[in-house]
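Visitor: Given chain G, put chains X and L in place with the hints provided.
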Amino acid sequence: MAHKKRYALVIDSKKCIDCKSCVVACRAENNVPLRYSRNWIDEEHRGEWPRLLAAYEPGQCQQCESPACVRVCPTGASYQRPDGIVAINETECVGCRYCIIACPYDARFFREDKGVVEKCDFCAKRVDRGEVPACVETCPSKVRVFGDFNDPNGPVRRLLESRRYYTKKPEAGTGPQIYYLL
Amino acid sequence: MKKIEWGYLIVSYLFLGGLSAGLYFVSALASLLPKNGEENAYKRIARIGALLAPWPVMVGCFLLIFDLGRWYRFWKLFFHIRWTSPMSLGSWLLIAFSVVAVLYFYSWLTAGQRGWLFSRVPKRLTFLHLLDRDISGKQRVLALIGLPISVGVGIYTGVLLGAVQSRPFWNTNLVAQLFLFSALSTGCAVIMLVLAWQHEPADSHGLQLLYNLDIALMILEFFIVVPYIVHGQLSVQAVKDSLELILGGPFTLLFWVFFLGLGLLLPLAIEVFESLPVLLSRATVHYNQRLTAVTALLVLAGGFLLRYIFVFAGQMSRFN
Amino acid sequence: MDRRRFLTWTAGGAVGATVAASISHFEPFLKKREAGATRVEVPTTCEMCVNKCSVIAVVENGVIHKLNPNPASPKSRGMLCARGNAGIQQVYEPARLKRPLIRAGERGEGKWRPATWDEAWDFTANKLLGVKDKYGPQGSLWSSTESFQETFFKNLGLSFGSPNIVRHPTLCLASVNLAYSATFGTVPAFDLANAKYVIMSGANRFESFITPDTMDLIESTTERKARLIYLDPRFTVTAAKADEWYPIKPGTDLAFVLAMLNVIIGESRHDKEFVNTYTVGFDKLIDHIKSFTPEWAEQETEIPAKHIVRIAREFSDAAPRAVYYAGRRSSWYREDFQTRRAQAILNAIVGSWDREGGMVPNGKIALGEYDFFPWDDPVAPRIDEIDKNFPMAAKGDGAYLKLRENVLAGAPYPVKAWMIHKQDPMNALPDQAKTIQMLQQMDFVGVIDVQMSDTAWYADVIFPESTYLERQDPVEAMSGIWPVVVYRQPVIKPLHDTKPTLEIVQGLAKRLNLSQYFDFTIEQWVNAQVKELPIEAPLEYLKKHGIYVPPDFPKYGTTLNSEHRFVTKSGKIEIFSDRLQEFGYDPLPLYHPPAQSPPGTLRLITGRKAYFTHANSTNNPWLNAFDPENRLWLNPATADSLGVADGQLVEAASTAGAVRLKVKVTQEIRPDCVFMLHGFGKRAKWQRLVAGVGACDAQLLETAWDKVSGNAALHETFVKVRKV
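Residue numbers (this note's numbering), protein chains in the order written: chain G, 1 to 182; chain X, 1001 to 1320; chain L, 2001 to 2724.
Here chain G stands alone, though its shape is the one from the complex:
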């Protein structure tokens, strides 16, 4: 029985080595000019010599289940696809930037050269062609696992059923769909 597809991402930050491959791949795939970025790596450095810690956590649009950005958009330019991907219809965007303010994750940014808002959309064009997002494909450590959350045998569900995980800023209440493995 066919089920409704719902895309999600599982991220194993333990494997992330901050090599920036995902950032460059995204930039190339989506023609993002240098002053902006659809994805990024958050770093944490702690401790005093020689007891030190460093950890890296990739970030991007969380493709929320209950996206605040879609809710506040006055023209419907920001919308959610049936498969869960939150996308932006550039022709409808007037550039009011309400969505940027509404996003708890700093995922959106305003393209001054185009006058519209932009963000990660899970490389929707690639996904529609049957490929995975560029950041997922290019990663040397295979930090990201992309798939259909609703597929009980898919990689996303299998990981989430066997591993503990957290999501970012759940208290913001938007239902982020990127799961970070513990």
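Keep in mind that the hints were calculated from the coordinates and are not lab data. Hints may contain errors.
[Unchecked claim] Derived DSS-like pairs (lysine-lysine); straight-line CA-CA distance at most 27 Å:
(1) Lys114(G) - Lys1002(X)
(2) Lys2134(L) - Lys2395(L)
(3) Lys14(G) - Lys2196(L)
(4) Lys142(G) - Lys2225(L)
(5) Lys125(G) - Lys2544(L)
(6) Lys142(G) - Lys2196(L)
(7) Lys2555(L) - Lys142(G)
(8) Lys168(G) - Lys1002(X)
(9) Lys2388(L) - Lys2434(L)
(10) Lys1002(X) - Lys14(G)
(11) Lys1003(X) - Lys2664(L)
(12) Lys2154(L) - Lys2434(L)
(13) Lys114(G) - Lys1003(X)
(14) Lys14(G) - Lys2225(L)
(15) Lys2664(L) - Lys14(G)
(16) Lys2664(L) - Lys1002(X)
[Stated by the list, open to error] Rough simulated footprint, nothing fancy, chain G against chain L, three-plus residues with beta-carbon under 8 Å:
(17) 2062–2075
(18) 2085–2098
(19) 2215–2223
(20) 2233–2241
(21) 2607–2621
From the three backbone atoms N, C-alpha and C, an ideal C-beta is built for every residue, glycine too.
Guide: Just chains X and L now, kept in the frame of chain G:
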């Protein structure tokens, strides 16, 4: 957010929108309140409010359109209505308000003022001259219709911020009320300013209404600010942290000294001081013109600062 | 009512209203027309570093839009790193070399005049012939860095009659390769995917660059509980991911290894059967190792003895799935050969050879060869006198720093022409002042490159090479646990007036009367290479897939039989090396402590980042964005003692030179060391992102080399730091 997206243009628009709402509200109140036989009691302030009400928000709308990434797509806001988006609802409210406010403005024009206006219109455009009618009879109806719309405009600017769950500084139901009362208060202030500026005999009766109204509004404002801070301090960590912006952070001085002190409590104190004789002995008091003007300016500055602080500090607050 | 007026006003209003609406709709239509129809995918091989990952280029309307990983490659495992993705920028870089240039001012002044290819070739050939006349063909030096077309450049030098070919290993991994060759007769790969216990000295695999080892190691440590022990004076990304990290005193790794040997042999934890069957010289090691106790090692390395003991035990328990990782760039200390030798011996005695999780001799694929006309071997001896100075070193690669010393001295003979391919000696060699001196000493300097490097900036003639995405190259057989044959074909036609190296070489050959040695097309060459591959229509196959992956790999245990003869003097794995003894080197590693920093100085150490390939990609805008300026890393204690704060400008000075750059105060480095990234502070103004930005480490690094291999030793420099 990585940088401040909504800046002075939006702050100014919020202020001007609230101001228009307040002007209309006070004018409408002034024209609806008087009992039979006392129709002229507040006519002067009603007229001032009505004549001024449409314009600030229209300037604000220009600023708003100018702030858009693609200004020439502003009309798209009126090709959709999205019930979950305060901005969408607000845009429609603004259209409704503007229409009603212009009609209301028109209804309060004296025959002489109408004459002057239409003398400016070329005689050849006869279809425009068809609009030269006296609709002053409709004042009360328009006041009634426009009252809820103006409240809507006043409150929606707060809803715009309050609906954003990801900015803890705004994440409270109180923002809408705070902005509404502040908006109405700025409406009072502008009319007070006009009265103080006019050289006609003082309208003590009208000023009394304005003072009473403004005192009530500012007391209400104050009793929103207090729970906002107290409850915020007792709320979730993100909200508590966001309040640091005004409790030691960059907006502390602005908030306590300039907004709360000079922009709210000082004008409140002056107005109470001026109104004390009236309240105590029911006498008709002669208000000090200069004091009235100063009070009004303080209220206006306070109203602008309130929006400035909220818009900027809000964008700096975040869930961590 | 005036109808005309009414109509005019209405019409005007309507026009105004439609303007707003029209502008909004105009752009999408424009965009739709542009987003045309053609989209092709072309498989090829990356050249942003030496890993040669397999790539599929997506070309839309003749423009390279994206480089995607080719999932077919077991080497790149379906990934493409930041550098690989940024390869697009190498092609479309506006300040690329677009046509041949001839110097118009002084060397290093940056004045150029565009030239035709004929002009450039004529000029160069004349100069080369002039040098040949006066000094003999050995008066020319041909230096290059690894590329698929390097062989043509090298052969030009050789057929010209010059023995002076020098390549990059002598600045990189010559010492570790020689150490493993001396022990095993070959340089093995490391099966990190299956290892259970890995020790690394530096070789910052999770940060310095992305290789199959990176991917295998991150997976085996996170998914299969492999243990990683990491020694480094810096807290790098690898240190952050390792199970244990020790901030080892720089240059003392050999002491650590010797102590491990001491424990393992002392407690009889070695693989006796393996040692008896496949090695020689173990008996000599037993005595040799007795004095190198963990307690002694603790004094040298600052690693607690109890940990050394425990690690040695854990290592031997995990064997044969245990390796002391050899690393790659071993250009650190004067004693690096012996340090790597000790590591090789350690791996050998626990039997981590040719088994899953251990060292595995490389599988190889045989390619055909184009039958080109052979030339006579050069007559003159090499300028670096490598036979005399480094008799065990790989002669074809040379000893770069000794070579420079001799060239500067003009002895044993003068070298007056310098041809350079895909190399930037100004940055690759330490002690830049000497490199500049060497350049200035030349009658002629010619460079083949894709961008204006610092060396090209000092050249007389620059030949612009087509980038790897615009070229057909020879195929390359990559050995390893999973050997493959990779293919590189042009993805777009060359954007500018550039040529592949073969054509550049052919143009020169014609004028040097050497055409007969280069009388073939690249297609003919490739055809000859692939003829022998065991597949149907190999060329079409490679064009379509970009790579050939032979079945039946990995293969373990191919050498573990009585018939196998190791390529060593004894035919076995040489723990004790007679050959080393013959040449006067320690046949078993002896510990010579590294030079200590003179008072008031700090040791300068080097390292790399995942997004910069040495000095050649720091100007790539997509990569430069991650680190636009290099800084001098100082531990907070060191910074305090010098009175400098984070971001402050300081001067770092060594005997080689002085540079100025800002400070980065960080906990992540030993208090007695400083660190700076490579590839900044450039002179070539065309590299506008890094020209004059930050500082050039080559100006600071002093000349030192490993005793046995002649490999550069880049961690032997001490600097004085002061605020300015």
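Visitor: State for each hint whether it applies.
Guide: So, going through the hints one by one against the coordinates:
no.	hint	in the structure
1	Lys114(G) - Lys1002(X)	holds, 18 Å
2	Lys2134(L) - Lys2395(L)	holds, 26 Å
3	Lys14(G) - Lys2196(L)	holds, 18 Å
4	Lys142(G) - Lys2225(L)	holds, 17 Å
5	Lys125(G) - Lys2544(L)	holds, 24 Å
6	Lys142(G) - Lys2196(L)	holds, 20 Å
7	Lys2555(L) - Lys142(G)	holds, 26 Å
8	Lys168(G) - Lys1002(X)	holds, 17 Å
9	Lys2388(L) - Lys2434(L)	holds, 23 Å
10	Lys1002(X) - Lys14(G)	holds, 26 Å
11	Lys1003(X) - Lys2664(L)	holds, 26 Å
12	Lys2154(L) - Lys2434(L)	holds, 24 Å
13	Lys114(G) - Lys1003(X)	holds, 18 Å
14	Lys14(G) - Lys2225(L)	holds, 13 Å
15	Lys2664(L) - Lys14(G)	holds, 26 Å
16	Lys2664(L) - Lys1002(X)	holds, 24 Å
17	2062–2075	holds (count 5)
18	2085–2098	holds (count 3)
19	2215–2223	holds (count 4)
20	2233–2241	holds (count 5)
21	2607–2621	holds (count 3)
The structure is consistent with each of the numbered hints, conforming to all of them.
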